[in-house]
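Undergrad: Below, each chain spelled out in residue letters.
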Amino acid sequence: MSKFTRIEEMWRPDDRPLLHLTNEDLMPLPPPLNHPSLDRPWTPLTEAARQQYECRLDDTCAVSVPKPKSPAEEAELVRKFLAGLDKLFAREDNWTFLQPLVLTLEHCARCQTCSEACHIYEASGYSELYRPTYRSEILRRLYFKYVKHGGLVSAWQHGDIQLNWPLVARLIELAYRCNLCRRCAQVCPIGADNGLVAHELRKLFSQELGIAPKELHDNGTMLQLKVGSSTGMNALVVKDNIEFIDEEISEKTGIEVRTPWDVEGADILLIHNAGEILAWPENVGAFAVIFTVAGLSWTMSSELAAYDSVNYGLWYDDVQFARIALKQIEAARKLKVKRIVLGECGHAHKALSVVADRILLGDANIPRESALTLLHELIMSGRIKVDPSRNDFPVTLHDPCNVVRLMGVVKPQREILAKIAPKFREMEPHGVNNYCCGGGSGFAIMSGNNFADWRFHVSGRKKLQQILNAFQDCLDPSIPKYVCAPCSNCKGQLRDIIKYYGLWDSNRILYGGLVELIVNAMVDVKPGFIDWEWH
Amino acid sequence: MTALVFLIVYAGVLAFLAGCVARALTYARMPAHLRWEIYPVPHEEPERVAYGGSYFEQPRWWTKPLRSHWVTELRFMIPEMIFLKGLWDHNRSLWYRSFPFHFGLYLVAASMVCLVASVALTPAGVELSGTAGVLATAARILGAVGGAGVLVGALALAWRRLTAPEVRNYTAPGDVFNLIFFVVTFGLIGAGLLSRPEGAPGAWEVTRALLFFDTSIALPKLLAWGLVAGSLLVAYIPMTHMSHFIAKYFTYHKIRWDDVPMRQAQRLAKEIARYLSYRPRWAAPHVMADGRRSWAELAMLNPAQKGDQ
Numbered sequence: 002m003s004k005f006t007r008i009e010e011m012w013r014p015d016d017r018p019l020l021h022l023t024n025e026d027l028m029p030l031p032p033p034l035n036h037p038s039l040d041r042p043w044t045p046l047t048e049a050a051r052q053q054y055e056c057r058l059d060d061t062c063a064v065s066v067p068k069p070k071s072p073a074e075e076a077e078l079v080r081k082f083l084a085g086l087d088k089l090f091a092r093e094d095n096w097t098f099l100q101p102l103v104l105t106l107e108h109c110a111r112c113q114t115c116s117e118a119c120h121i122y123e124a125s126g127y128s129e130l131y132r133p134t135y136r137s138e139i140l141r142r143l144y145f146k147y148v149k150h151g152g153l154v155s156a157w158q159h160g161d162i163q164l165n166w167p168l169v170a171r172l173i174e175l176a177y178r179c180n181l182c183r184r185c186a187q188v189c190p191i192g193a194d195n196g197l198v199a200h201e202l203r204k205l206f207s208q209e210l211g212i213a214p215k216e217l218h219d220n221g222t223m224l225q226l227k228v229g230s231s232t233g234m235n236a237l238v239v240k241d242n243i244e245f246i247d248e249e250i251s252e253k254t255g256i257e258v259r260t261p262w263d264v265e266g267a268d269i270l271l272i273h274n275a276g277e278i279l280a281w282p283e284n285v286g287a288f289a290v291i292f293t294v295a296g297l298s299w300t301m302s303s304e305l306a307a308y309d310s311v312n313y314g315l316w317y318d319d320v321q322f323a324r325i326a327l328k329q330i331e332a333a334r335k336l337k338v339k340r341i342v343l344g345e346c347g348h349a350h351k352a353l354s355v356v357a358d359r360i361l362l363g364d365a366n367i368p369r370e371s372a373l374t375l376l377h378e379l380i381m382s383g384r385i386k387v388d389p390s391r392n393d394f395p396v397t398l399h400d401p402c403n404v405v406r407l408m409g410v411v412k413p414q415r416e417i418l419a420k421i422a423p424k425f426r427e428m429e430p431h432g433v434n435n436y437c438c439g440g441g442s443g444f445a446i447m448s449g450n451n452f453a454d455w456r457f458h459v460s461g462r463k464k465l466q467q468i469l470n471a472f473q474d475c476l477d478p479s480i481p482k483y484v485c486a487p488c489s490n491c492k493g494q495l496r497d498i499i500k501y502y503g504l505w506d507s508n509r510i511l512y513g514g515l516v517e518l519i520v521n522a523m524v525d526v527k528p529g530f531i532d533w534e535w536h
Numbered sequence: 020m021t022a023l024v025f026l027i028v029y030a031g032v033l034a035f036l037a038g039c040v041a042r043a044l045t046y047a048r049m050p051a052h053l054r055w056e057i058y059p060v061p062h063e064e065p066e067r068v069a070y071g072g073s074y075f076e077q078p079r080w081w082t083k084p085l086r087s088h089w090v091t092e093l094r095f096m097i098p099e100m101i102f103l104k105g106l107w108d109h110n111r112s113l114w115y116r117s118f119p120f121h122f123g124l125y126l127v128a129a130s131m132v133c134l135v136a137s138v139a140l141t142p143a144g145v146e147l148s149g150t151a152g153v154l155a156t157a158a159r160i161l162g163a164v165g166g167a168g169v170l171v172g173a174l175a176l177a178w179r180r181l182t183a184p185e186v187r188n189y190t191a192p193g194d195v196f197n198l199i200f201f202v203v204t205f206g207l208i209g210a211g212l213l214s215r216p217e218g219a220p221g222a223w224e225v226t227r228a229l230l231f232f233d234t235s236i237a238l239p240k241l242l243a244w245g246l247v248a249g250s251l252l253v254a255y256i257p258m259t260h261m262s263h264f265i266a267k268y269f270t271y272h273k274i275r276w277d278d279v280p281m282r283q284a285q286r287l288a289k290e291i292a293r294y295l296s297y298r299p300r301w302a303a304p305h306v307m308a309d310g311r312r313s314w315a316e317l318a319m320l321n322p323a324q325k326g327d328q
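Taken in sequence, the protein lines are chains C and E. Quick note on our numbering: the first sequence kicks off at 2 and runs consecutively. Quick note on our numbering: the second sequence kicks off at 20 and runs consecutively.
Any given hint could be a false lead.
[Stated by the list, open to error] Heads up, simulated DSS-like pairs for lysine-lysine below, C-alpha to C-alpha not over 25 Å straight-line:
{"#": "1", "chain 1": "E", "residue 1": "289", "chain 2": "C", "residue 2": "88"}
{"#": "2", "chain 1": "C", "residue 1": "88", "chain 2": "E", "residue 2": "273"}
{"#": "3", "chain 1": "E", "residue 1": "325", "chain 2": "C", "residue 2": "215"}
{"#": "4", "chain 1": "C", "residue 1": "70", "chain 2": "C", "residue 2": "81"}
{"#": "5", "chain 1": "C", "residue 1": "253", "chain 2": "C", "residue 2": "386"}
{"#": "6", "chain 1": "C", "residue 1": "81", "chain 2": "C", "residue 2": "253"}
{"#": "7", "chain 1": "E", "residue 1": "273", "chain 2": "E", "residue 2": "83"}
{"#": "8", "chain 1": "C", "residue 1": "215", "chain 2": "C", "residue 2": "88"}
{"#": "9", "chain 1": "C", "residue 1": "335", "chain 2": "C", "residue 2": "424"}
{"#": "10", "chain 1": "E", "residue 1": "267", "chain 2": "C", "residue 2": "149"}
{"#": "11", "chain 1": "C", "residue 1": "339", "chain 2": "E", "residue 2": "83"}
{"#": "12", "chain 1": "E", "residue 1": "267", "chain 2": "C", "residue 2": "227"}
{"#": "13", "chain 1": "C", "residue 1": "227", "chain 2": "C", "residue 2": "240"}
{"#": "14", "chain 1": "C", "residue 1": "240", "chain 2": "C", "residue 2": "253"}
{"#": "15", "chain 1": "C", "residue 1": "337", "chain 2": "E", "residue 2": "83"}
{"#": "16", "chain 1": "C", "residue 1": "335", "chain 2": "E", "residue 2": "325"}
{"#": "17", "chain 1": "E", "residue 1": "325", "chain 2": "C", "residue 2": "149"}
[As the list claims (entries may be wrong)] Listed next, the stretches of chain E that the computed footprint assigns to chain C, with coverage defined by at least 3 CB atoms under 8 Å from CB atoms of chain C:
{"#": "18", "region": "53 to 67"}
{"#": "19", "region": "159 to 165"}
{"#": "20", "region": "178 to 192"}
{"#": "21", "region": "209 to 219"}
{"#": "22", "region": "265 to 274"}
{"#": "23", "region": "298 to 306"}
{"#": "24", "region": "311 to 320"}
[Unchecked claim] Which chain C residues stay away from chain E? Per the calculated CB distances, all over 10 Å, these:
{"#": "25", "residue": "15"}
{"#": "26", "residue": "36"}
{"#": "27", "residue": "38"}
{"#": "28", "residue": "74"}
{"#": "29", "residue": "94"}
{"#": "30", "residue": "97"}
{"#": "31", "residue": "103"}
{"#": "32", "residue": "163"}
{"#": "33", "residue": "166"}
{"#": "34", "residue": "235"}
{"#": "35", "residue": "259"}
{"#": "36", "residue": "261"}
{"#": "37", "residue": "263"}
{"#": "38", "residue": "525"}
Just so you know, the hints here were simulated from the structure itself, not pulled from any lab data. We treat Cβ as the ideally placed atom computed from N, Cα and C, and that holds for glycine.
Just chain C, same shape as in the assembly:
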């Protein structure tokens, strides 16, 4: 199947996918995966999934939209889509992103400068369907035809489009083939933002048609608003788990830690991504050790949504986004803390510090701070004493897009690593030019059907290439190596992709956060905090 997909194919009425990729099509990887035969075979979509869901875009299916049962149902969905399209460009409905969206659609010159910056497009072997401009071109044509009510002249000027259910169904899936890393927007000479287009499409589908991946909506924002966390943990369970972590960490480090809960008037409200508590308890414990040794005044909150910094609304739904952000702020106000410190979670950083900033009016605008700057202050001031020889192994640093490119927190983590990791090496490119892990915008928690295969082969491929390149001089399994990723979502993606390619077994590549490396180097702590075991 050709990797070139014409725009017109989006409204092709048949069920056949527009793109099929094989390992031979993909961007080559360095050793030990330097031949397509060394890559993993793709798990095909099951016939049942194809029968049940709209899977006519490519090899996978992220959203699992049930197939309409009749032409009348299809027509109704198209009608709803058009109603949503109208709202997407109405100030009362979409003041939150109207200006950047319109500017992008009206002024993108389709020069394709952004394409080279997109890791998904490159990793797919330059498949047309995954160009950042491809989905934008569809929305642009729809905008001029149905929102601006352009006639023949408009079609001549902007290109024509035929709206039907197959087009909408494919567009739903295509909105979830972008990590929203906005590397494309960073290089656009006009300042257009094709990442935003994917975001706005997701919003339209969610806020108008109620269509979003289950992992983001039902098991994400809705669960968080219901029980307090997208992990499903309520406050009692979280407290129980943290108590257990405190005990384990105290024993392991020799530092007696006890996480404070709901302390009124504390200086810091620390909010973790609650996924850390279940998947990486050592990260949560490391924070407790550092804060205890530094003698900080801090607390965690047991209020709804305030012990879980995640805000999946950031990726697909402005209303859900605002609801969660306000709950987190409300908890901080209730405790009268002086600041909120965000743990190692990239999207939580951007959500609460940057994107929510303008809806936090008056005294709701409680200062929010990155844990990275606080940790930097503690290490550089000497309040936390470190022995870098304890981290005498190769370390490279992944830059979470939401913390670095989209928030400008670049240097603190590097200066910490320079102090605690003598064998630190940058991956290329790095800093604000670094690539997404491939799990951004919710992909790391999305594995429905065979979507995980797609994110390993395509969206995560560039990061895999960067990591392998960074460790090319020490691939030998006798040398343990550490990918430092100060972000839960990124760690989830790295965990899955390293496991998928067996790189822990074959090359001893481990991943983890920054605080684990800090505690591993702390002189006050028993040596050997990092286990060097796969888990």
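Go by the hints and put chain E onto chain C.
TA: Only chain E this time, still in chain C's reference frame:
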């Protein structure tokens, strides 16, 4: 006929100005959006701009003075505006086509400014000399080089639009037309000036006649057609994505680099408070919009809790 051509020129210029103002106002009146910056932000502290850092890197950033450095911003803006630095950095092959076109337009604009200044400095009946003469010569050189740049650039861009596989999928007939429009306009004006008979008015004389509505001059036919085409072109530009010179102000200053924290944006707070009173109509059940609830009210509801459902 000269009078008609001149009226078309005046109308074209007015339409251009009105179109640009209307477009700029349309964008300026759109609601302020949620923060959506991308780093580097060039008005940050110079040492942070170098690697893309932000004020968020400082511990307790809200207690530190936040300064906006317009010099470092200009250091970014000038190479971008004049030399299309972003394209040079990220799409070199396109830069070779796009730069002559855009820089050519700047030179043509500079040429027109020189012509107007030269005419203004030359009283009626006085021969062209001194500063006015130098300006007229500069205008000829700038116009010739600029016009050639626009012609070559537009042809190269049109060729890319028609042949390069990476843009063919995204090329509407209008995109090619826009570029050909430039080729035809600059071709006609160039040919009109170069082929005019001895004693026929050139750029300087036409500028003077336009400024004083002197319809006594006899315009060479090709030049007259060039002026008509040019007038239609400038009137047409604000109606298309070619007005991105307006859009770039907003995409850069109001989106990409807009990092002002809400704590320091009192006027914006009032605007946002107004937006929060808007009544959205989104239809998905979890949004819970009923046409009466405002954004602020919806944000306080919890669709996962029975009391709010």
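Undergrad: All hints are to be evaluated individually against the structure, with a verdict given for each.
TA: Results of checking the hints against the structure:
Of the supplied pair hints, the one linking residue 289 of chain E and residue 88 of chain C holds, its CA atoms being roughly 24 Å apart against a limit of 25 Å. At most 25 Å may separate the alpha-carbon atoms for a hinted pair to count; residue 88 of chain C and residue 273 of chain E meet this at roughly 22 Å. Taken as a hint, the residue 325 of chain E and residue 215 of chain C pair is honoured in the structure, with Cα atoms around 20 Å apart against an allowance of 25 Å. Between the alpha carbons of residue 70 of chain C and residue 81 of chain C the distance comes to roughly 16 Å, so the proposed pair stays at or under 25 Å and holds.
As the CA atoms of residue 253 of chain C and residue 386 of chain C are separated by approximately 18 Å, the hinted pair is consistent with the 25 Å bound. With a CA separation close to 56 Å, the supplied pair residue 81 of chain C and residue 253 of chain C exceeds the 25 Å bound. A distance of roughly 23 Å separates the Cα atoms of residue 273 of chain E and residue 83 of chain E; the hinted pair therefore holds under the 25 Å criterion. About 23 Å separates the Cα atoms of residue 215 of chain C and residue 88 of chain C, which keeps this hinted pair within 25 Å; it holds.
As the CA atoms of residue 335 of chain C and residue 424 of chain C are separated by approximately 44 Å, the hinted pair breaks the 25 Å bound. The hinted pair formed by residue 267 of chain E and residue 149 of chain C meets the criterion: a straight-line CA distance of about 22 Å does not exceed 25 Å. For the given pair, residue 339 of chain C sits about 15 Å from residue 83 of chain E by alpha-carbon distance, which is consistent with the 25 Å threshold. Between residue 267 of chain E and residue 227 of chain C, the direct Cα distance comes to roughly 43 Å. Violation of the 25 Å bound is thereby established for this hinted pair.
The straight-line distance between the Cα atoms of residue 227 of chain C and residue 240 of chain C is roughly 17 Å, inside the 25 Å bound, and the hint therefore holds. Restraint check for residue 240 of chain C and residue 253 of chain C: the C-alpha separation of about 20 Å stays at or below 25 Å, so the hint holds. At roughly 21 Å between alpha-carbon atoms, residue 337 of chain C and residue 83 of chain E fall within 25 Å of each other, so this suggested pair holds. The suggested pairing of residue 335 of chain C with residue 325 of chain E holds, with an alpha-carbon distance near 23 Å, which does not exceed 25 Å.
Restraint check: the Cα-Cα separation between residue 325 of chain E and residue 149 of chain C comes to about 40 Å, which exceeds 25 Å; the hinted pair is violated. With 10 residues bearing a CB less than 8 Å from a CB of chain C, the region 53 to 67 of chain E meets the requirement of three and the coverage assertion stands. Under a criterion of three residues with beta carbons nearer than 8 Å to beta carbons of chain C, the stated coverage of the region 159 to 165 of chain E fails, only 0 such residues being counted. Given as covered by chain C, the region 178 to 192 of chain E passes the check, having 8 residues with a CB less than 8 Å from a CB of that chain where 3 are the minimum.
Coverage of the region 209 to 219 of chain E by chain C is violated [criterion: at least 3 residues with CB-CB distance below 8 Å; count 0]. Residues of the region 265 to 274 of chain E lying with their CB closer than 8 Å to a CB of chain C number 7, which satisfies the three-residue condition for coverage. Coverage of the region 298 to 306 of chain E by chain C holds [criterion: at least 3 residues with CB-CB distance below 8 Å; count 9]. Here the region 311 to 320 of chain E counts 5 residues with a CB under 8 Å from a CB of chain C, which clears the bar of 3, and the coverage holds.
Every C-beta of chain E lies more than 10 Å from that of residue 15 of chain C, the closest at about 20 Å, which supports listing it as non-interface. Remark: the non-interface label on residue 36 of chain C is consistent with the geometry, its nearest Cβ contact in chain E lying 28 Å away (cut-off 10 Å). Every CB of chain E lies more than 10 Å from the CB of residue 38 of chain C, the least distance being 29 Å, so the non-interface label holds. Distance check on residue 74 of chain C: its Cβ is at least 16 Å (rounded) from any Cβ of chain E, clearing the 10 Å threshold; non-interface status holds.
In this structure residue 94 of chain C is not separated from chain E by more than 10 Å, as the shortest Cβ-Cβ distance comes to only about 5 Å. Here residue 97 of chain C does not stay apart from chain E, with its beta-carbon only about 5 Å from theirs, under the 10 Å limit. Not every CB of chain E lies more than 10 Å from the CB of residue 103 of chain C, the least distance being 7 Å, so the non-interface label is violated. For residue 163 of chain C, the shortest C-beta to C-beta distance to chain E comes to about 15 Å, beyond the 10 Å cut-off, and the non-interface label holds.
The Cβ of residue 166 of chain C sits about 18 Å from the closest Cβ of chain E, beyond the 10 Å cut-off, so the non-interface label holds. No Cβ of chain E approaches the Cβ of residue 235 of chain C within 10 Å, the least distance being about 13 Å, so the stated non-interface status holds. Every CB of chain E lies more than 10 Å from the CB of residue 259 of chain C, the least distance being 25 Å, so the non-interface label holds. Residue placement check: residue 261 of chain C keeps its beta carbon more than 10 Å from all beta carbons of chain E (closest about 21 Å).
The non-interface label for residue 263 of chain C is consistent with chain E: the shortest C-beta to C-beta separation is roughly 20 Å, beyond 10 Å. Every Cβ of chain E is farther than 10 Å from the Cβ of residue 525 of chain C; the closest lies at roughly 22 Å, confirming the non-interface assignment.
In summary, the numbered hints that this structure violates are 6, 9, 12, 17, 19, 21, 29, 30 and 31.
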